[in-house]
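Residue strings, one per chain:
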Amino acid sequence: GENVEQHPSTLSVQEGDSAVIKCTYSDSASNYFPWYKQELGKRPQLIIDIRSNVGEKKDQRIAVTLNKTAKHFSLHITETQPEDSAVYFCAASKPNTGNQFYFGTGTSLTVIP
Amino acid sequence: EAGVTQSPTHLIKTRGQQATLRCSPISGHTSVYWYQQALGLGLQFLLWYDEGEERNRGNFPPRFSGRQFPNYSSELNVNALELEDSALYLCASSLTHRGLGGYTFGSGTRLTVV
Numbered sequence: 001g002e003n004v005e006q007h008p009s010t011l012s013v014q015e016g017d018s019a020v021i022k023c024t025y026s027d028s029a030s031n032y033f034p035w036y037k038q039e040l041g042k043r044p045q046l047i048i049d050i051r052s053n054v055g056e057k058k059d060q061r062i063a064v065t066l067n068k069t070a071k072h073f074s075l076h077i078t079e080t081q082p083e084d085s086a087v088y089f090c091a092a093s094k095p096n097t098g099n100q101f102y103f104g105t106g107t108s109l110t111v112i113p
Numbered sequence: 001e002a003g004v005t006q007s008p009t010h011l012i013k014t015r016g017q018q019a020t021l022r023c024s025p026i027s028g029h030t031s032v033y034w035y036q037q038a039l040g041l042g043l044q045f046l047l048w049y050d051e052g053e054e055r056n057r058g059n060f061p062p063r064f065s066g067r068q069f070p071n072y073s074s075e076l077n078v079n080a081l082e083l084e085d086s087a088l089y090l091c092a093s094s095l096t097h098r099g100l101g102g103y104t105f106g107s108g109t110r111l112t113v114v
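Line order of the protein sequences matches chains R and F.
Residues 1 to 113 (the working numbering) make up the first sequence, in order.
Residues 1 to 114 (the working numbering) make up the second sequence, in order.
Calculated directly from the structure, the hints in this document are not laboratory data.
Ideal placement from N, C-alpha and C gives every residue a C-beta, glycine not left out.
There's no promise every hint is true.
To be verified - According to the in silico footprint, chain R covers these stretches of chain F (three or more CB under 8 Å from chain R):
| # | region |
| --- | --- |
| 1 | 32-41 |
| 2 | 50-64 |
| 3 | 72-78 |
Claimed, not checked - Incomplete in silico selection of chain R near chain F, CB under 8 Å:
| # | residue |
| --- | --- |
| 4 | R43 |
| 5 | L46 |
| 6 | Q100 |
| 7 | G104 |
| 8 | G106 |
With the rest of the complex left out, here is chain R (with noise of 0.2 Å):
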């Protein structure tokens, strides 16, 4: 199967700071690399995602970025505001599997204003 982890499991930046959020993946056949974002007593929403034939993506305040070779990814959000605080999810897929996503721990990310 498929094994990712993440870290931190927490992590409080102040406004206006970066953040930084990392994955591993032991299957270096996935392909497909989403985060999701949970806010308290909502539903995961994905904000971001990449594929395995990119290296980096860019959206605004957030990037990601993938080393296929160290089998790791990325969350960056710069410039943190107080709506950023959540808890963030990244996730990979393999082909053929039927786009079912093994996802990481997650981590609960807090911006004190």
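Since the structure of chain R is provided, determine the placement of chain F on it from the hints.
Leaving out everything else, chain F in the frame of chain R:
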């Protein structure tokens, strides 16, 4: 467009009972996925249905089962409930399982087993 809807939002059951959770996918989506989100354990894959068939299941015992109806809605059944089954059960739908893409989650059913 309506999102993925799940019912009920909350469910309280006694140990040993059965629970039935329901999910309606986004219109046109044929694939439905079920995940269990237990406290501190992230999201664990439970079941995947597509075109009415169970296509894959995660590492859960057989008392976790379900089905997908002709209209692509889905039902998750948990038999012989145990205390550790208490969790948020999330359903997601996808237009197709053949391509890559993030899917949309429903708001979940919070199952509490007492």
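| field | Violated constraints from the hint list, given by number and in increasing order | value | The structure breaks only hint 3.
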